[in-house]
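Chain residues, written in single-letter form:
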Amino acid sequence: MYKIAKANLPALFRLIAENQELYLPVNTADQVNFAAWTEDAQVDLDKLKTVKSPKDVFFPQSENLYSCVKDGKKISIEPEALKEQNFVVFGMKACDIRGVEVLDKVFLAEPVDSFYKARRDHGTIVAMACHEPEESCFCKVFGIDCADPAADVAAWMIGDELFWKPITEKGEALTKLAESLLENADEAKVEAEKTAIRSIVEQLPYSDLSLEGWNGDVLMDKFNSPVWEELYKPCLACGTCTFVCPTCQCYDIKDYDTGHGIQRYRCWDSCMYSDFTMMAHGNNRTSQMQRFRQRFMHKLVYFPANNGGMYSCVGCGRCVEKCPASLNIVKVVKAFQKQGGSNS
Amino acid sequence: MQELISRIKALLADKTVDRVLGWKAGDMPYNPEPAYFETEEDLKDFVYDGFCGANLSKYMIEASKLEGKTLVCLKPCDTYSFNQLIKEHRVDREKAYIIGVGCKGKLDIDKIKAQGIKGIKSISGAEIDGAADTLKIDTMYGEKTCSYADAMLERCHVCKGKEHMIYDEIIGESKDTADGNRFDEVAKIEAMSPEEKFAFFQKELSKCIRCNACRNVCPACSCRKCVFDSNKFDSAQKANVVSFEEKMFHIIRAFHVAGRCTDCGECSRVCPQGIPLHLFNRKFIKDINAFYGDYQAGADVDAKAPLTNFTFDDIEPGERG
Chain A
1 MYKIAKANLP
11 ALFRLIAENQ
21 ELYLPVNTAD
31 QVNFAAWTED
41 AQVDLDKLKT
51 VKSPKDVFFP
61 QSENLYSCVK
71 DGKKISIEPE
81 ALKEQNFVVF
91 GMKACDIRGV
101 EVLDKVFLAE
111 PVDSFYKARR
121 DHGTIVAMAC
131 HEPEESCFCK
141 VFGIDCADPA
151 ADVAAWMIGD
161 ELFWKPITEK
171 GEALTKLAES
181 LLENADEAKV
191 EAEKTAIRSI
201 VEQLPYSDLS
211 LEGWNGDVLM
221 DKFNSPVWEE
231 LYKPCLACGT
241 CTFVCPTCQC
251 YDIKDYDTGH
261 GIQRYRCWDS
271 CMYSDFTMMA
281 HGNNRTSQMQ
291 RFRQRFMHKL
301 VYFPANNGGM
311 YSCVGCGRCV
321 EKCPASLNIV
331 KVVKAFQKQG
341 GSNS
Chain B
1001 MQELISRIKA
1011 LLADKTVDRV
1021 LGWKAGDMPY
1031 NPEPAYFETE
1041 EDLKDFVYDG
1051 FCGANLSKYM
1061 IEASKLEGKT
1071 LVCLKPCDTY
1081 SFNQLIKEHR
1091 VDREKAYIIG
1101 VGCKGKLDID
1111 KIKAQGIKGI
1121 KSISGAEIDG
1131 AADTLKIDTM
1141 YGEKTCSYAD
1151 AMLERCHVCK
1161 GKEHMIYDEI
1171 IGESKDTADG
1181 NRFDEVAKIE
1191 AMSPEEKFAF
1201 FQKELSKCIR
1211 CNACRNVCPA
1221 CSCRKCVFDS
1231 NKFDSAQKAN
1241 VVSFEEKMFH
1251 IIRAFHVAGR
1261 CTDCGECSRV
1271 CPQGIPLHLF
1281 NRKFIKDINA
1291 FYGDYQAGAD
1301 VDAKAPLTNF
1311 TFDDIEPGER
1321 G
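Same order as they appear, the protein sequences are chains A and B. Everything in the first sequence is counted per our numbering, starting at 1 for the first residue and increasing by one. Everything in the second sequence is counted per our numbering, starting at 1001 for the first residue and increasing by one.
Some clues are possibly wrong.
Per label pair, the in silico range of CB-to-CB distance [what the hints assert, rightly or not]: (1) B:I1315 / A:D30: 32 to 42 Å; (2) A:K189 / B:E1143: 25 to 35 Å; (3) A:N224 / B:E1062: 58 to 68 Å; (4) B:A1114 / A:G159: 20 to 30 Å; (5) A:N215 / B:E1143: 32 to 42 Å; (6) B:I1315 / A:S76: 46 to 56 Å; (7) A:D30 / B:A1187: 53 to 63 Å.
One side of the interface only, derived from the structure: several residues of chain A facing chain B at Cβ under 10 Å [claimed, not checked]: (8) A185; (9) T242; (10) M278.
In short, the hints are calculated from the structure, not lab data. The beta-carbon is built from N, C-alpha and C at its ideal position, and this holds for glycine as well.
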């Protein structure tokens, strides 16, 4: 276990950024999101949750896959280069790290997504414990311990000091790079902090949310439930929930006409959008109820069915905070509980 | 609120209306959701308090397609949107029974949280009855207080007034909560150099994640198929290409709603990235006022809108009013 004074963090960031890109929570125009560190960046490590999850460090909202360039009658195809430089993501919370594990299931399974894999291979994650979890958090429901996040390095901000514990080889390498700024520390303060965080988590209003009855075996029961017809109505069909979510992974692939060729790019898609999974024959979800249902069925039924019971919700609570109509996955789960007093 | 609920029950019972469009209590003190109620039993979840900021006018587009009448609760500023939707033939007046609900300013939970208040368990003072100047907030990290005015949505600080522009009946008192001029912020931006303006908007709009919440919540955005969703045009795209967000999407949207935007402020309320989108609309409103005389979209259902009406007195392109 090591530690570094909070006042020395700018020096740490400078040191890391000399060698590689560094992404961390930065305040831009009053909103905190993960962004590349620069000397002028307003780093904000106190904000519990960034607006967007950090997933776009590994899975950007929009990225080019290849370009076609037309020169007379010749067409050349240039694949987009894969990430080759190492980088560090600093300050990811336990829920967002589980989010990346969910993305791994999708993008690292055969056929492996080479763009995603290159970023995963080159990225080192410094996780941070959640000092004061908030009422919209429910990571505990998914067995996540926000007091003790596991990544390449785990860190705790306690008072004016950041405690630092390398976990993996990548984490050891980063620790070596930063060793001139780190000093040895004992674990007592960290253990006390963990206990304090866990006791707060116990009191969070959503911590006892029951997911009983949500699994891969209830597909048709849940799919055909009349509850969806009631639930979806306030939904504005915007993509806020899907775009702030750490696990939403659906994307669209499109061509951008450059005038002398095309850029084939992919960008996040949202099941809330009317052209989601649109095919030549048309759209297989024709109503907003169906699109709304898709999001929650995917997170709580389809994904666990295909991934050994793993939910693709991590309880970060961003949708709880950001939905313009105040709908969210917690309300969905509760509505099913209420209906008939059971979960089915 | 009891008076409102009793009246709603009576109107449902005597079949004046078939359903009610209002707000349903959330599972937090601050997250009620727009909801339909069809029976007296449903109404046990009905709520109307300081957190019911959502403008229900737009939901009336869909409700107008249903059988029978829908009772809709509209705040004074929401009624401007409803009038504008009547003018655009997007809602059916005959299908609506409008209860003009009293409003004393609506609250913005983000403003409360921006004061460092977190772990919120309960909030008192947001109830519609009574006139609390201070919100008492019980949190996991102790008791906090916050002045009601400091927690109000931006739009309430430039309130258009306590009068409902259209209604069948009014229940509850309203208060004009304005303590500023809605064009002050616009004037500040007008005073900037072109480079400063560009930097300002680039910084704000680069936060955009193209979630389309601003468009989807906007009562003036009522096209059945938005050009940005149509796969028949190159304009259709979901990619968050920063240069596009800054230069196209929000600018085109602002142009499209110009002269029709009532300044209801929903775009800024719902933006997950806190982009002050209302500034675009207010710039257009300010210019329209300067060029064609004062005009408030949604103040009535009859007046011809300046941008869709030709008169010989209209200013010429390039002229400044």
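These are the hints, each one checked on the structure:
1. B:I1315 / A:D30: 32 to 42 Å: The hint (32 to 42 Å, Cβ to Cβ) holds, given that I1315 of chain B and D30 of chain A are roughly 37 Å apart.
2. A:K189 / B:E1143: 25 to 35 Å: 28 Å, holds
3. A:N224 / B:E1062: 58 to 68 Å: 23 Å, violated
4. B:A1114 / A:G159: 20 to 30 Å: 23 Å, holds
5. A:N215 / B:E1143: 32 to 42 Å: With a Cβ separation near 41 Å, N215 of chain A and E1143 of chain B satisfy 32 to 42 Å, so the hint holds.
6. B:I1315 / A:S76: 46 to 56 Å: 52 Å, holds
7. A:D30 / B:A1187: 53 to 63 Å: The hint (53 to 63 Å, Cβ to Cβ) is violated, given that D30 of chain A and A1187 of chain B are roughly 21 Å apart.
8. A185: Nearest chain B Cβ about 26 Å off; hint violated.
9. T242: 8 Å, holds
10. M278: 7 Å, holds
In this structure, the earlier hints numbered 3, 7 and 8 are contradicted, and the remaining ones agree with it.
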